[in-house]
Amino acid sequence: MTVRTLRAAITLAPHRFLLSAWPWRALAYLASGLVAGSLLYGTVHLLAVHWPEQGRQWQILALPLGMLFLAAVLGSTPLVVRWGRWCEGLVGEQLEPPPETAPSGAGRWARLRARAFSTRTWRDVGYTVLALSVLYVLDLAVLVVALGSPLAGVLNYWGAAWLRPAEWVASVAGWASLWLVGLYLVAAWASARSEIVRAVLSPREERLAAELRDVTTSRAALAEAFDDERRRIERDLHDGAQQRLVAVKTALGLARLDLPDGSPAAGAVREAQDQVTAALSELRDLVRGIHPQVLTERGLRAALLDVAARASSPVSVEFDPPDRLPPAVESTAYFVVCEALANAAKHAPGAPVRVSGDTHDGTLRVDVTDEGPGGADPDGGGLGGLRHRLAVLDGVLTVHSPEGGPTTVRLEIPQR
1 MTVRTLRAAI TLAPHRFLLS AWPWRALAYL ASGLVAGSLL YGTVHLLAVH
51 WPEQGRQWQI LALPLGMLFL AAVLGSTPLV VRWGRWCEGL VGEQLEPPPE
101 TAPSGAGRWA RLRARAFSTR TWRDVGYTVL ALSVLYVLDL AVLVVALGSP
151 LAGVLNYWGA AWLRPAEWVA SVAGWASLWL VGLYLVAAWA SARSEIVRAV
201 LSPREERLAA ELRDVTTSRA ALAEAFDDER RRIERDLHDG AQQRLVAVKT
251 ALGLARLDLP DGSPAAGAVR EAQDQVTAAL SELRDLVRGI HPQVLTERGL
301 RAALLDVAAR ASSPVSVEFD PPDRLPPAVE STAYFVVCEA LANAAKHAPG
351 APVRVSGDTH DGTLRVDVTD EGPGGADPDG GGLGGLRHRL AVLDGVLTVH
401 SPEGGPTTVR LEIPQR
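Taking UniProt numbering, the leading residue of the sequence shown gets 1, the next gets one more, and so forth.
Mixed in with the good hints, there may be bad ones.
Distance windows between CB atoms, simulated [as the list claims (entries may be wrong)]:
| # | residue 1 | residue 2 | range |
| --- | --- | --- | --- |
| 1 | Asp394 | Pro203 | 19 to 27 Å |
| 2 | Pro326 | Leu74 | 29 to 37 Å |
| 3 | Gly362 | Val35 | 35 to 43 Å |
| 4 | Leu18 | Arg164 | 47 to 55 Å |
| 5 | Val396 | Pro314 | 26 to 34 Å |
| 6 | Ala278 | Pro352 | 28 to 36 Å |
| 7 | Leu74 | Gly384 | 46 to 54 Å |
| 8 | Glu167 | Trp24 | 30 to 38 Å |
| 9 | Leu138 | His15 | 23 to 31 Å |
| 10 | Glu403 | Thr250 | 49 to 57 Å |
| 11 | Val145 | Thr11 | 32 to 40 Å |
| 12 | Val145 | Ser32 | 17 to 25 Å |
| 13 | His388 | Thr363 | 16 to 24 Å |
Hints in this document: simulated from the structure, not taken from any laboratory.
Using N, Cα and C, we set each Cβ at its ideal position, and we do this for glycine too.
Please take these sequences and the hints and turn them into a complete structure.
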């Protein structure tokens, strides 16, 4: 089992923890947390030491120094936050910065104003203050207790000439063994510190939203790739197997012309020609089910008119989009409408069906209304499958089917 975080290394494999690289990564993590604070407090210390004695009027300088500290915090926030996100990769997954929330078409001042008053900015400032104060002090205290105390004990007994050799070895070894315990203390605080940092810089809601965006993007990419593959298969069948069957049917027809009517050979050729005709019909139905060529060449309305012409029930199409829609939107809408027409023919055979739709505010809306008895279950298995297909493109399916009819299945798909 691969251990990817410091927390998992401590809880899942504590007996192998000291033999892994995680103790050193935890030490590096806490040491990295001391960088910004050491620079700040080192500067303050130098200022206090080298300030002229007669000029140390702290009551007068308190306000300017406070403003200087505030400016240092605000000015260093981007660097401290970026450094903190990178350091998280030492004990777990590295934190990625969240996407910008400012309007894309806004000007410079609008973007600056949106960034200044955003929750993300105040979280970053809060993390900077936390990293330069509380976390810095705790990091330093843990390192001193875990590593400094055993070191002081070892140095204290290292040159103890008054001890006998056995006592000297036991004392030095005892203090040195505390380093092993200290490594667990360092790792425990590093794990807890990482949880605090992640809670401030990347709250759970934000992480879930980012994961949802990634899932939605990958799902849309998979749907687009699947649709491209369907079009490729349709094209290969149409230009390959279907054309060969047409050529075979033509050759059989020519062969029948050279055979006397009523002969056994003419009957066999006629039967073979009928079989090829049936195979062509099945292949055309298969191609339509994969991805109809008319949808690719002429768009959604022409494809729906083709479906209406082949339907067993009277189907009218009242849909005329002004422009071609995105291929994924057209394909999804086509197959959902076909499934809705199949459901209508199954549950309301012979009932008239009307397909209507329009595009408004970047959303395609299509209604499939049948004059059947109604009473359809909105949560039925067939309709659930349509919802899953639409969900790939953030589409929505609603069903209105009162007792006595009519039943209306509405699909809405964003055109982005």
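Results of checking the hints against the structure:
1. Asp394 to Pro203: 19 to 27 Å: holds, 24 Å
2. Pro326 to Leu74: 29 to 37 Å: Cβ of Pro326 to Cβ of Leu74: about 45 Å, so the range 29 to 37 Å is violated.
3. Gly362 to Val35: 35 to 43 Å: Between Gly362 and Val35, where Cβ atoms are some 48 Å apart, the hint is violated.
4. Leu18 to Arg164: 47 to 55 Å: violated, 31 Å
5. Val396 to Pro314: 26 to 34 Å: Between Val396 and Pro314, where Cβ atoms are some 28 Å apart, the hint holds.
6. Ala278 to Pro352: 28 to 36 Å: For Pro352 against Ala278, whose Cβ atoms are near 31 Å apart, the range 28 to 36 Å holds.
7. Leu74 to Gly384: 46 to 54 Å: holds, 53 Å
8. Glu167 to Trp24: 30 to 38 Å: holds, 32 Å
9. Leu138 to His15: 23 to 31 Å: holds, 27 Å
10. Glu403 to Thr250: 49 to 57 Å: Holds, since Glu403 and Thr250 (Cβ atoms, about 54 Å apart) stay within the stated range.
11. Val145 to Thr11: 32 to 40 Å: Cβ of Val145 to Cβ of Thr11: about 22 Å, so the range 32 to 40 Å is violated.
12. Val145 to Ser32: 17 to 25 Å: About 19 Å separates the Cβ atoms of Val145 and Ser32, which means 17 to 25 Å holds.
13. His388 to Thr363: 16 to 24 Å: holds, 19 Å
Consistency with the previously given hints fails for numbers 2, 3, 4 and 11, ordered from lowest to highest.
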